[in-house]
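Student: Sequences listed follow chains A and B, in order. For what it's worth, my numbering labels the leading residue of the first sequence as -18, then goes sequentially. For what it's worth, my numbering labels the leading residue of the second sequence as -19, then goes sequentially.
For the record, the hints were derived by calculation from the structure and aren't laboratory data. Beta carbons are placed, not taken as given, at the ideal position from N, Cα and C, and that holds for glycine. Among the hints, a few may not be true.
Said to hold, decoys possible - With a Cα cut of at most 27 Å, we get these calculated DSS-like pairs of lysine-lysine:
#1 Lys257/B to Lys187/B
#2 Lys257/B to Lys101/A
#3 Lys257/B to Lys13/B
#4 Lys95/A to Lys257/B
#5 Lys95/A to Lys115/A
#6 Lys115/A to Lys55/A
#7 Lys115/A to Lys257/B
#8 Lys161/A to Lys172/A
#9 Lys115/A to Lys101/A
What the hints assert, rightly or not - These stretches of chain A come out as covered by chain B in the derived footprint (C-beta under 8 Å, 3 or more residues):
#10 0 to 7
#11 28 to 35
#12 86 to 97
#13 115 to 123
#14 179 to 189
Residues per chain, in single letters:
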Amino acid sequence: MAVRHHDILPLGQRPPLLRLNHVDKVFNGDVIALRDMNLQVNQGDFISLLGPSGCGKSTALRIISDLMHPTRGKVEWEGGQGQGDLGVVFQEPTLMPWATVAQNVWLPFRLQGKSYGEVKDDVLEVLRLVGLEKFLNAYPRELSGGMKMRVSIARAIVTNPRLILMDEPFAALDEITRHKLNNDLLTLRSKIGCTVIFVTHSVFESVFLSDRIVVMAARPGRVLSEVTVDAPYPRDEAFRTSAEYAGHARRASEALREAMGEHA
Amino acid sequence: MSLADDRSLALAGTRDEDEIRRARAARIERLAKWALPVVIMGLAILGWAWIVTANEIPHYILPGPDRVWDSLVNDWGMLIEAAYLTGWITLAALVMAVVGGAGLAILFNQSKMLELSFYPYAVILQVTPVVSIAPLIFIYVDSKIAGMLLCAWLVAFFPVLSSTTLGLNSVDHNLRDLFRIYGATRWQRLRYLQLPSALPYFLGGLKIAGGLSLIGAVVAELVAGTGGIGSGLAFRIQEAGYRLNIARMFAALALVAAMGVFIFAALSVLSHLLLRKWHESALRKEG
Ligand SMILES: Nc1ncnc2c1ncn2[C@@H]1O[C@H](COP(=O)(O)OP(=O)(O)O)[C@@H](O)[C@H]1O
Ligand SMILES: [Mg+2]
């Protein structure tokens, strides 16, 4: 059993994991994609970045994953960052079409120089966790959109990362598949206790999934407010139709409306 | 399906008119794909024979198909030896074009400075017609074989170079980001990401290079003439022309064409085998 389980402590008792300190990002000298973003991510958080398109959500993730440097400010990992500390899921499944499902999930390990034999058990285990253990040797083109996304998630969790970044992962899927994947994502999180930053522009998705919603605004991209969703996990279909859910959704919508300002 | 009601049972196994019509059309097309070209070929040969006999055209102007066939049979030993030489040059040039073209593409991909320095010269070599370079080559290169290989290589390497370059640069940008996030080394990125991404492009270039290396070999033979190394098909065509042995010209020409077709077919099969598991181009189209 190489995929560890972490306990998720209640909000307020979670040890810090990562901090964005006064992060600014300017493109071409005039597009302020992020202005003074401060965010502390704690172990076990499920954070949604919620905001209209162009408010710098993807930019924030790219800075956290070190794909780009902030213009000013910095990202600090508690105890430094090591290889395999980060898992990512993009809006597209981003699988290698020439490789089988198992080979795709092996990739993060392979890039660490580990042979398939060494990590086979981990690969099988995460594929079981996302319900695709029967598709080990399938090629991506044989899978549906939702299944490809599951492979992408399996790949993101296989190294036991301290943090998983997801950039609108389900935005391109149909609503039924999206609901299913949202449910399964929460089940997965309760099993392995991962920390997630999840980008979305859907209020409902963010309320259902997360315990912290960071609401962002555009021009300049910035954090406007944070909404806490203190509904307990596990959350299921019943939660989706509860008054509690509706209440949280209303608060998040209001915060978002404020974020949109007169641009809405 | 667990819908075992009467209506579902009655529907199971039925095909409606649309499907039957489509299946029939597909079957006819599959057959026609082979049959029609063969019929056309047969008609052309019959027409050719008829024109020659009806107009009593002398065989040293236009031989009938029967004479071409006779030549093919009688001169088979000589022709097959010639085909062997031409085929050997073509194949060697193609292998060198693959090594050189793909190798250069990888080098250029790894070093922008190298690419900026040398790519323009690769283009210049490509756009200068090989027929005009060939005589010069045979002045400076003593070995006929080496000269012919060089000629054939010159025409064949560029499509491999340019298509592989394109392929190496056509990596999905999300996958590229993913590799960066996972701390892939340059070598890992090349091996696990760029080379597989470039494969379909490379194979496209290879198909073109296959045809071009045959053209290069033929041009080289015509320029080089013969000299101790035996004679290829192109040289045999030229020689038969001087002797007004038109039938042999046609016979040798048929062999050159057959070689071209064979190379193309072989490379298509290779491409299909390598891509069939995953690439869109290898999928059977539906509907
Ligand atoms: N590489 C880039 N070069 C220039 N401008 C960019 C670049 N990336 C993002 N931007 C701009 O920065 C802003 C924020 O973009 P992004 O982070 O992608 O927003 P979101 O993901 O919230 O939709 C947008 O106005 C976008 O046009
Ligand atoms: Mg985005």
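Student: Could you run down the list of hints and mark each one as holding or not?
Tutor: Structure-based check of each hint:
1. Lys257/B to Lys187/B: Holds, because 20 Å separates the two Cα atoms, which is no more than 27 Å.
2. Lys257/B to Lys101/A: 22 Å, holds
3. Lys257/B to Lys13/B: 25 Å, holds
4. Lys95/A to Lys257/B: 25 Å, holds
5. Lys95/A to Lys115/A: 23 Å, holds
6. Lys115/A to Lys55/A: The hint is violated at about 43 Å.
7. Lys115/A to Lys257/B: Status holds; Cα separation ~18 Å.
8. Lys161/A to Lys172/A: OK: lysine 161/A and lysine 172/A at ~17 Å, within 27 Å.
9. Lys115/A to Lys101/A: 14 Å, holds
10. 0 to 7: violated (count 0)
11. 28 to 35: violated (count 0)
12. 86 to 97: Holds, because 5 residues of the segment 86 to 97 of chain A bring their Cβ atoms closer than 8 Å to Cβ atoms of chain B.
13. 115 to 123: Since three or more residues must qualify, the claim that chain B covers the segment 115 to 123 of chain A holds, with 3 doing so at under 8 Å.
14. 179 to 189: With 0 residues close enough to chain B, the hint is violated.
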